[in-house]
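Trainee: For reference, the chains in residue letters:
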Amino acid sequence: MGEIIVITSGKGGVGKTTAAANIGAGLALRGYKAALVDADIGLRNLDVVLGLENRIVYDLVDVAHGHCRLKQALIKDKRFEGLHLLPAAQTKDKTAVKPEQMREICLQLSEEFDYVIIDCPAGIEQGFRNAVAGAEKAIVITTPEVSAVRDADRVIGLLEAAELREPKLVINRLRPKMVRQGNMMNIEDIIDILAVDLLGVIPEDEKIIVTTNKGDPVIQDERSLSGEAFRNITRRILGEPVPLMDLERNGNFFLRLRRMVGLG
Amino acid sequence: MLDFLTRLLKRHCGGSKDLAKERLRLVLVHDRANISPELLQLLKDDLVRTISRYMEIDEKGLEVTLDTSDNAVALVASIPVRRVKRAVKMASV
Numbered sequence: 001m002g003e004i005i006v007i008t009s010g011k012g013g014v015g016k017t018t019a020a021a022n023i024g025a026g027l028a029l030r031g032y033k034a035a036l037v038d039a040d041i042g043l044r045n046l047d048v049v050l051g052l053e054n055r056i057v058y059d060l061v062d063v064a065h066g067h068c069r070l071k072q073a074l075i076k077d078k079r080f081e082g083l084h085l086l087p088a089a090q091t092k093d094k095t096a097v098k099p100e101q102m103r104e105i106c107l108q109l110s111e112e113f114d115y116v117i118i119d120c121p122a123g124i125e126q127g128f129r130n131a132v133a134g135a136e137k138a139i140v141i142t143t144p145e146v147s148a149v150r151d152a153d154r155v156i157g158l159l160e161a162a163e164l165r166e167p168k169l170v171i172n173r174l175r176p177k178m179v180r181q182g183n184m185m186n187i188e189d190i191i192d193i194l195a196v197d198l199l200g201v202i203p204e205d206e207k208i209i210v211t212t213n214k215g216d217p218v219i220q221d222e223r224s225l226s227g228e229a230f231r232n233i234t235r236r237i238l239g240e241p242v243p244l245m246d247l248e249r250n251g252n253f254f255l256r257l258r259r260m261v262g263l264g
Numbered sequence: 001m002l003d004f005l006t007r008l009l010k011r012h013c014g015g016s017k018d019l020a021k022e023r024l025r026l027v028l029v030h031d032r033a034n035i036s037p038e039l040l041q042l043l044k045d046d047l048v049r050t051i052s053r054y055m056e057i058d059e060k061g062l063e064v065t066l067d068t069s070d071n072a073v074a075l076v077a078s079i080p081v082r083r084v085k086r087a088v089k090m091a092s093v
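Going down the list, the protein sequences come from chains A and B. Take 1 as the starting number for the first sequence in the working numbering and just add one per residue. Take 1 as the starting number for the second sequence in the working numbering and just add one per residue.
It is possible that part of the hints are untrue.
[As the list claims (entries may be wrong)] Here are the computed lysine to any residue pairs in the SDA-like style, where the Cα-Cα straight-line distance is at most 25 Å:
hint	chain 1	residue 1	chain 2	residue 2
1	B	Lys21	A	Pro99
2	A	Lys137	A	Lys177
3	B	Lys17	A	Lys33
4	A	Lys177	B	Asp18
[Unchecked claim] Derived CB-CB ranges, DEER-like:
hint	chain 1	residue 1	chain 2	residue 2	range
5	B	Leu43	A	Glu160	24 to 32 Å
6	B	Val48	A	Asp197	49 to 57 Å
7	A	Gly12	B	Lys60	54 to 62 Å
Treat the hints as calculated values from the structure; they're not laboratory data. By construction, the Cβ of each residue, glycine as well, lies at the ideal position given by its N, Cα and C atoms.
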């Protein structure tokens, strides 16, 4: 039986879909069978982030309503051996699927896959309830902003109420320079407020925009910091203890000099 | 030179992130305790009314906050007392 993990955040636009795509690809690159489930019915995007938008025939709602078999709706990603996507429907809404149906689909997937990763929609309504219904573990994504952290706190409370205890936190879009200047909350600040375990930190990276434009997960990019951050997150999900990376590895000479003399 | 020093000091005193953290901390206390600022004000008013029957208090100096540690929430009230009324007639109130 595979592990069923939901990726959620409360607030929209913090990087749930990007994280789902990269973690799924990362697990596949490590040799595991991973199924990505887009639970954002009506606003699907995991397909386009992964570059699989032209290959959709059936979707999650078709499976839930018995219009097709689960296998028929799964899209095989040819770039990543072992990665499959179950796309959301685009023309329906969140009420098209019930939590029990979601639970059944996830359970069925976990029989065949090592990991089932659910991309949760923003919000805390029916779409959220559907997405968490079948999950055994949760990853909460936030950015270092008051609105995102507040929503993450609310979601952590709701996850606990849904018996999904000890969610792991991913901090996305951290800007080391702003942290250094004291103008952005740092990792410790956010952990201190949310009181959860950290799974990883992803620095703000223009590469994410470029790779998403192409429909290629950034995790394949050996040279990008965000790609490395996602590779580390994948390894931690697999149980490897990986230390946090130096987010300013590419810092230039003047930056290092400033820090040496205590100005940074 | 002085300008340079103040800028340096300002940097070390922390920029806007301290404000962000403090505001978040406060807003989460309310979020988690599920008590709105309006409700807290009503509670304050009630506290003032009740305590004023026994002693004279400084309403302006009154501070009522919800304190969270781990998963527990504590109501902490700091109420400056000006004068305690004589206890003789209080029993019947």
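Trainee: Would you pick out the hints that fail for this structure and give their numbers low to high?
Mentor: Numbers 1, 2, 3, 6 and 7 - these are the hints that the structure violates, sorted from lowest upward.
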